[in-house]
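Colleague: Line by line, the protein sequences are chains A and B.
At position 255 of the first sequence the residue is numbered 255 (full-length UniProt numbering), and the sequence of numbers has no breaks.
At position 31 of the second sequence the residue is numbered 31 (full-length UniProt numbering), and the sequence of numbers has no breaks.
Hints are supplied without guarantee of correctness; some may be wrong.
Simulated DEER-style distance windows between Cβ atoms [to be verified]:
1) B:Tyr161 x A:Lys346: 38 to 48 Å
2) B:Tyr161 x A:Phe81: 21 to 31 Å
3) A:Pro123 x B:Tyr161: 55 to 65 Å
Source of the hints: derived by calculation from the structure; they are not laboratory data.
A virtual CB, placed ideally from N, CA and C, is assigned to each residue, including glycine.
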Amino acid sequence: MAIWFSRSRNIVFSLRHNLNLSGILIKRDYSPRPAFTNSQLSSKSVCLDSFTSLRHESTAVEKQLDLVQQSDEEDPQELNFPGGKVGYTSEMKFIPESSSLRVPCYRVLDEDGRIISNSDYIPVSEKLAVRMYEHMATLQVMDHIFYEAQRQGRISFFITAVGEEAINIASAAALSPDDVVLPQYREPGVLLWRGFTLQEFANQCFGNKADRGKGRQMPVHYGSNRHNHFTVSSPIATQLPQAAGVGYSLKMEKKNACAVTFIGDGGTSEGDFHAGLNFAAVLEAPVVFICRNNGWAISTHISEQFRSDGIVVKGQAYGIRSIRVDGNDALAVYSAVRSAREMAVKEQRPVLIEAMTYRVGHHSTSDDSTKYRAADEIQYWKMSRNPVNRFRKWVEDNGWWSEEDESKIRSNARKQILQAIQAAEKWDKPPLTELFSDVYDVKPKNLEEQELGLKELVEKRPQDYPPGFQI
Amino acid sequence: MASLLSRFCRKLALPGSAHGSRMTSTTACGSETVKSLNLYSAINQALHIALETDPRSYVFGEDVGFGGVFRCTTGLAERFGKNRVFNTPLCEQGIVGFGIGLAAMGNRAVVEIQVADYIYPAFDQIVNEAAKFRYRSGNQFNCGGLTIRAPYGAVGHGGHYHSQSPEAFFCHVPGIKVVIPRSPREAKGLLLSSIRDPNPVVFFEPKWLYRQAVEEVPEHDYMIPLSQAEIIREGSDITLVGWGAQLTVMEQACLDAEKEGISCELIDLKTLLPWDKETVEASVKKTGRLLISHEAPITGGFGAEISATILERCFLKLEAPVSRVCGLDTPFPLVFEPFYMPTKNKASSSSSLSSPSKTHIF
Chain A
1 MAIWFSRSRN
11 IVFSLRHNLN
21 LSGILIKRDY
31 SPRPAFTNSQ
41 LSSKSVCLDS
51 FTSLRHESTA
61 VEKQLDLVQQ
71 SDEEDPQELN
81 FPGGKVGYTS
91 EMKFIPESSS
101 LRVPCYRVLD
111 EDGRIISNSD
121 YIPVSEKLAV
131 RMYEHMATLQ
141 VMDHIFYEAQ
151 RQGRISFFIT
161 AVGEEAINIA
171 SAAALSPDDV
181 VLPQYREPGV
191 LLWRGFTLQE
201 FANQCFGNKA
211 DRGKGRQMPV
221 HYGSNRHNHF
231 TVSSPIATQL
241 PQAAGVGYSL
251 KMEKKNACAV
261 TFIGDGGTSE
271 GDFHAGLNFA
281 AVLEAPVVFI
291 CRNNGWAIST
301 HISEQFRSDG
311 IVVKGQAYGI
321 RSIRVDGNDA
331 LAVYSAVRSA
341 REMAVKEQRP
351 VLIEAMTYRV
361 GHHSTSDDST
371 KYRAADEIQY
381 WKMSRNPVNR
391 FRKWVEDNGW
401 WSEEDESKIR
411 SNARKQILQA
421 IQAAEKWDKP
431 PLTELFSDVY
441 DVKPKNLEEQ
451 ELGLKELVEK
461 RPQDYPPGFQ
471 I
Chain B
1 MASLLSRFCR
11 KLALPGSAHG
21 SRMTSTTACG
31 SETVKSLNLY
41 SAINQALHIA
51 LETDPRSYVF
61 GEDVGFGGVF
71 RCTTGLAERF
81 GKNRVFNTPL
91 CEQGIVGFGI
101 GLAAMGNRAV
111 VEIQVADYIY
121 PAFDQIVNEA
131 AKFRYRSGNQ
141 FNCGGLTIRA
151 PYGAVGHGGH
161 YHSQSPEAFF
171 CHVPGIKVVI
181 PRSPREAKGL
191 LLSSIRDPNP
201 VVFFEPKWLY
211 RQAVEEVPEH
221 DYMIPLSQAE
231 IIREGSDITL
241 VGWGAQLTVM
251 EQACLDAEKE
261 GISCELIDLK
271 TLLPWDKETV
281 EASVKKTGRL
291 LISHEAPITG
301 GFGAEISATI
311 LERCFLKLEA
321 PVSRVCGLDT
331 PFPLVFEPFY
341 MPTKNKASSS
351 SSLSSPSKTH
361 IF
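The task is simple: from the sequences and hints, build the whole structure.
Modeller: And the structure:
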């Protein structure tokens, strides 16, 4: 980066020198407000001198840079701009708004779960494949039961990842545990893969005293420092520039790790998407950006979200290597994420992956997607383009999975999740003092006062407050 | 102005240095070496010390590499390298977001927003992310290493977008701290405290004082505690509270008032969030009157929070309504700046500081 800086600086000063443009390139003038009034002006010649001497001081640094030697030979065939040399053309030609061919989608398995001949892919062992499949199945059961729990009024809210199990699990499987994950909110499979227990998921959804988040956020806002998984936050795309900072830190620490961050198709319209990718590229941070293009941002179809060929083409705009992958193909996702991760770490650069998929479930339990999309569209993706079934076929075809395994994993998962929910529901909420802690590292006086005041109130009128909170 | 500024110097009785110029004299005072520095040089010194004492600290923002548009980051890139001191793309939400990421990994990220007027694109990252990072994670994560520096306040010709005082927006956000120094010596100590405080801090620097204020600043590593207000002038008839550059104006008002026999107690709040209510409360209980002054528009300004709190705590001791002398409720105007500003005349004419016959409300 230092080399690039000095080269572009050389070009700038070469330009200034050759074209006498020094006036244009001086920074905005922030000369101080005069401290004297008009009446004092005549007697303040000393002050004026000190101002002018100040001006000379402020340009001293620039003069220093002027002394840098550069040897740019001007090539008459090319024009020299601060950004570098560009060729010229007399043909007025606009770059078309889109290329005639959409960027193809990398896939390994066909819809029947068979490896397409001559595919590039990273082989997955039986052990890994079975583990991946088990997690995809568990995620499906988890989504189903927690969704129902919300419908029954036992938890206030839930978001499922139905239809996106391959992205969730295969991406997680391709990462190292040291890679730091910054999720959006539809990737609980990553946390599941890393060892967050079903009980821990339930605890967060119920916001009980065992919740690592201490009951402060809505369900599905999981976070776990033990698993290098940042806490989910509702605002969209805010994690993207943060991921660039995380990646940069890992680079500086020379860790064999990268930042991995997720975003939906809708989230790429946020300013933070632009900020995140641009910063990661310019500052050369090892970040893998994974965009789950599932076709819908709540009720907004992608045709109302952008006019580009999806998200993959945006990578090049930032100087970022990108790939479009079939997000419902677990093997393709695994290979792409694994390769991207290696590139990010080895070359200290960001990589963008656009995983094409479909959001089979509603946006959340607060949404009924049949209101804005056709029921048979949902059915089609659920039945015919199901990523779990597709991967299952491949695992079964290899002789690594049976019908018996299938019913066992599902019934076990179901049992464990129900138990976890029942337990989580019974436990107390966090003690009232946790309302006031962690706003700062140490409770400031105003919060101590407010806590005392609230305690008094609750003790005086307990009937006005929900039970289960120890004072 | 020179004599005013010399009053800020507690330890040395040197005559005030020629204003506007940077002197490089070094004077020993006891065991402490001090140097006459302006505000941007004091900030610069603090940044040098911060980077020196913590190898995992970073300084970045627009144009900080060559020294910054206000020269606060001079020499840092050369000394600590471009991996630790670097320019960022022109994107405030990116600057703060990236800073949060760095801080969340245990680093100290001292980011610069070029001018406080441009901090708003980063407001989401500051309010929704930085301020809530620790709380929402159940203290599993935090971005306490984040410090956001931004020049704020009137500069004489800044107009709408180079003069704003946006502190009130941030004082309404639990989870961050808001700190505003009044002078070079204060700035260095407060900035080091802010950088080292385990909470995200927004640090507003009065840009008017970057060159104008010159003070003897100790050369060593020292910190001034946050959330502790300072009584910089003792008095018995009225308490005045302010921060940043406005204290210079208020000091003038105090001098004028004293000519009419009114003894003024002037308090520098320094940290606006969380603010030191106890010091202000004790003072008002002694004097019975309060005047708050800030450049930011009066409606919804931080003076309202101070006024409401003091009213709650000192009602029976108050002899007059709490007075606020602030900017007008307009965007910060260019040619009208001298009329907009809460000048010493407005302070002097306010009901609290003058005799009943000539009261005005600003």
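Colleague: Now, for every hint given, state plainly whether the structure supports it.
Modeller: Tested hints:
no., hint, verdict
1, B:Tyr161 x A:Lys346: 38 to 48 Å, "44 Å, holds"
2, B:Tyr161 x A:Phe81: 21 to 31 Å, "29 Å, holds"
3, A:Pro123 x B:Tyr161: 55 to 65 Å, "58 Å, holds"
Of the numbered hints stated above, none is contradicted by the structure.
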